[in-house]
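Sequences listed follow chains A and B, in order. Per numbering that gives the first Met the number 0, residue 0 is the first one in the first sequence, and the count goes up by one each step. Per numbering that gives the first Met the number 0, residue 0 is the first one in the second sequence, and the count goes up by one each step.
It should be emphasised that the hints constitute simulated quantities derived from the structure, not laboratory data. There may be inaccurate statements among the hints.
[Said to hold, decoys possible] The calculated PhoX-like cross-link candidates involving lysine-lysine, where the alpha carbons are at most 20 Å apart (straight line), are: (1) A:K135 with A:K335; (2) B:K212 with A:K148; (3) A:K149 with B:K212; (4) A:K154 with A:K143; (5) A:K226 with B:K212; (6) A:K64 with A:K275; (7) A:K319 with A:K154; (8) B:K178 with B:K127; (9) A:K154 with A:K323; (10) A:K319 with A:K226; (11) A:K143 with A:K319; (12) A:K275 with B:K227; (13) A:K346 with A:K143; (14) A:K335 with B:K212; (15) A:K149 with A:K335.
Remember, it's a predicted structure, so these values are computed and weren't measured experimentally.
Chain residues, written in single-letter form:
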Amino acid sequence: MLKTAAFWVLDMDEIKSYKCPCCGAPLVFSGEKQKLRCGSCGAELEADAVRGFAEADGRVNGASKYDWDTYEPREFGRTETGGVSAYSCPSCGAEISGGPEMGASICPYCGNAAIVKRSFEGAYMPDYIIPFRIDKSSAMKRLKENAAKKLFIPKAFRDETRLREVTGMYVPFWMFDCDVEGEAAFRGVRTHVWSDSRYNYTRTDHYMLYRSGSAVFRNVPVDASQKAEDAYMDAIEPFDCTEAMDFDTAYLSGYLADKYDVSAEESISRANERIKRSFADMLRSTTAGYAAVSAGGERVEFSNGRIRYALMPVWWLNVKYRGKMYRFAMNGQTGKAVGDYPADRVKLAAFFGCTFAVLGAAAAALWYFI
Amino acid sequence: MKRSFILAAALIMLMLGAMQCCVCAAPSPSPSSASSVSSIAVNPVNDYAGFLTREQSREIEDMLGRLRDTYAADTAVVTVKSLGALSAEQYADDYYDNNGFGIGSDSSGILLLISEEPRRYHITTCGKCFDIFSGRAIDYMCERVEARLRNDDYYGACTEFAGICAEVLGGYAEGREFKPPKSIGVLFALLAAALILAVIITAAARSTMNNAKRQTHADRYAEGGGIKLSDSRDIFLYSSVTRTPIPKQTGGSGGHGHVSSGGRVHGGGGGSY
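Can you make the complete structure from the sequences, with help from the hints?
Pasting the structure below:
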């Protein structure tokens, strides 16, 4: 008869019971085997392994902490706003500013050509700015080249007349710096396969992989304008912050500039999410050598969190094609362009037809020869 | 007068004896009771289970008899009410070995056994038919025969068997390897898979027209090449072992032969219906 007793460990004056890492049922100590056994799934574990698993599991499933300084906005001084004009778009409601020499401009967000000049107010001074390096002619050339590379782009869309109205605008971003410490647990399996005359056998060894470490993140951008869609602003990353300059209205000369309408506090959750996910993936990248690895919880602690307000250079292009507005954005520093390009239905149909013809012929050949 | 009557009687008895040997060496329903002599024509249809009408039996006999005459290979059908303690394969092999089937020194032939209870069937091959009826031919034959048996169409199963035997033996005589007819259904399934794949590839190519995608990570903003590990532990928890039976080879005489209780090498295949 198997002698069993509940497995209890005295730890810091506290009595703990342990649960099966496989199914979560209580573990029972088998005196005969000197192991803990799960009555539910039958798994047998060494006491040290159970203790290590429970400790790591408790740690990684603790609450994460995100420590960010509160951002204090800085008002523009009188001298700093002297050369700045403000505009509003009656079509989409965008509130943008620009240098004094800006003549008739096109709204970069909706393509409306009748933006209205008004008094400058309500904007806060950025901490730094990355100036434009790509000029307008280069931007147009790159956008055209980019469009030409697209497989299904309609010929009419590539006409120069459609791709000429690009607008340069500084887009507000919140930039996040922080130090991260954290830990994560993963479940890893290794398999060993062998056979005898009657059966194929597979032994699966289950591991808990515990990792902890630290990393430093600098200048993680989160766009601070509701009208600048996150997908576009994320896709034109990265900006090279080594070229960042202290803000001066002189950099606005010839360009528009948006002001933030998403607060730093509202943007923190996106920064947290991106940094935490990257940190967890970095820990996961250290778990090589297993047939399969799955996440088992993670916990992070952010410290020295700092938030700054910055303006980033972006070229905007809005093209109306067959009644639909297509928007494109280009990183004004690196020239990286993104957008939603229209697709020519005839080209799409031809591509589908050719693909099906090739695959269908391969399928028919397979059927005939096998 | 008396002398000539005795001579005539002896001649008639001799002729009857010869007819018995050459035309209808009747086998026994028991797989092991009768002894055999190769190359003597044995009744090719033995319907002990009573699945066939007299006309149907005669028709199948004619078909199988023509095959024997044309290709010098025995083709036979036997139906039984039960298998006793034997498997369908053992029963078919023993019945073939012990009832005089097979032509030539290697006893070439093929036999279809159908059992009423249990509902099983088996096709056994021997001699040169072991090589002629390849694995693909046996598999195809099993598929077609089994489809008929599932509907209790015993006559249909026997005619399918005879028809495929004729096809395989005829092809062998002309130096062609038997290839089962292509299934149009399989072609349509492959084309449907190609269509789905073409739709997926086109959708993937179409998605490249929009490259404005949200970022979920911030890896490129990590300084110093990423993470510095402070602790790394791989804790072994437990092992689990699973086992699955190795599938047995079924059907097909091509290279998957076995030795019957009579010491002959047989091939073939079968199943239940």
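Each hint, compared with the structure:
no.: 1; hint: A:K135 with A:K335; verdict: holds (14 Å)
no.: 2; hint: B:K212 with A:K148; verdict: holds (18 Å)
no.: 3; hint: A:K149 with B:K212; verdict: holds (16 Å)
no.: 4; hint: A:K154 with A:K143; verdict: holds (12 Å)
no.: 5; hint: A:K226 with B:K212; verdict: holds (16 Å)
no.: 6; hint: A:K64 with A:K275; verdict: holds (11 Å)
no.: 7; hint: A:K319 with A:K154; verdict: holds (14 Å)
no.: 8; hint: B:K178 with B:K127; verdict: holds (18 Å)
no.: 9; hint: A:K154 with A:K323; verdict: holds (16 Å)
no.: 10; hint: A:K319 with A:K226; verdict: holds (18 Å)
no.: 11; hint: A:K143 with A:K319; verdict: holds (15 Å)
no.: 12; hint: A:K275 with B:K227; verdict: holds (15 Å)
no.: 13; hint: A:K346 with A:K143; verdict: holds (19 Å)
no.: 14; hint: A:K335 with B:K212; verdict: holds (13 Å)
no.: 15; hint: A:K149 with A:K335; verdict: holds (15 Å)
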